[in-house]
Amino acid sequence: MRKILSRLSLAAAAAVVFSGWSQTALAACGLGAAGTTERVRIGNAGRSLMLHRPAGDQPLPLVILLHGSGGTGAKMLSDTTLEATADRNGFIVASPDAGIPAGDGFVWNIPGVPTILGRVPGPEDADDVAYLGEVVDALVAEQCVDPARVYLTGLSGGGRMTSWMACVAPRRFAAIAPVVGLRAGNPDPEDPSQPDPETCTPKTPVPVIAFAGDADTTNPTQGGGAPYWSYPMHAALQRWAQLNGCGAPSPTVWVAPAIYEERYAACADDTQVVSRMTVGGGHFWLADEEAMWAFFARYARPIS
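Quick note on numbering: the sequence shown equals residues 1087 to 1390 in the working numbering.
Derived by calculation from the structure, the hints in this document are not laboratory data. Remember, predicted model here, so these are calculated numbers, not experimental data. Yeah, the Cβ is synthetic: ideal placement off N, Cα and C, and Gly gets one too. Among the hints, a few may not be true.
Computed Cβ-Cβ distance ranges for the label pairs, DEER-style [stated by the list, open to error]:
1) Gly1116 - Asp1300: 40 to 46 Å
2) Gly1142 - Pro1337: 37 to 43 Å
3) Thr1303 - Ala1114: 43 to 49 Å
4) Val1254 - Gly1132: 20 to 26 Å
5) Asp1165 - Thr1122: 15 to 21 Å
Could you put the whole structure together from the sequences, leaning on the hints where they help?
Shown next, in the form of structure tokens:
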């Protein structure tokens, strides 16, 4: 049976090219300028995003970066070092704005849970799931992006949106990396301390690496907090391990003096589910970007 997801060595990952494209006559990406970050308009939704494209004309891997609730794509990008990480490793970064205005920023439309504005999005609100799919399609159509190597990360509300996209559109993304925002569906209405399994039913495994801090009081890893949060991060991690058909967790490993890692391996299609916890870490971008990229670079989503 053909695997839905393929695992790549780091050396082989850099050589992956979307099957069906000529490897000798690839057209240049039509958006932005190589080696720069620019605001570009994407698709038909009338929305724009920040696009960082390293030098090179061939279709490159794409990392979509989602801002936190009340933020913007531009501010989110400036709060990370992903532009430099992209230049070192050869991937494009797209940092869009969410679709629901909130003060000077925006919030993501995650159906079924209230935003920080205190209401559940309705049919009148922008469909961010459709928009993010349109972003991918547009960047592929412009010959900027290898459609087999699209990855998603985000902070806080952007991490929750990242998780949601893996639930409802798993074939779009080769791997995800929520930062202080890992979810596995909405809280169960009858028991908010657990994820509602009916709200996250991906039909294909999704590799997950999540970053969080155990002193986060906004999205507390032990659970509680706002109604959109409620259940512990560990419950989300276990649910993704279940969805990916993983075996028992590996022993906890300290990867740095204040950072430990929990990992589920032996998962379907050679996926992994990984959590990196920073002791004393709060609610901010605490992702190790090189570790994130090393995880992403192992995976590609075959294009049917």
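Checked hints:
1. Gly1116 - Asp1300: 40 to 46 Å: holds (44 Å)
2. Gly1142 - Pro1337: 37 to 43 Å: Taking Cβ atoms as reference, Gly1142 and Pro1337 lie about 40 Å apart, which means the hint holds.
3. Thr1303 - Ala1114: 43 to 49 Å: Since the Cβ atoms of Thr1303 and Ala1114 sit about 47 Å apart, the hinted range of 43 to 49 Å holds.
4. Val1254 - Gly1132: 20 to 26 Å: Since Val1254 and Gly1132 have Cβ atoms about 23 Å apart, the given range 20 to 26 Å holds.
5. Asp1165 - Thr1122: 15 to 21 Å: holds (19 Å)
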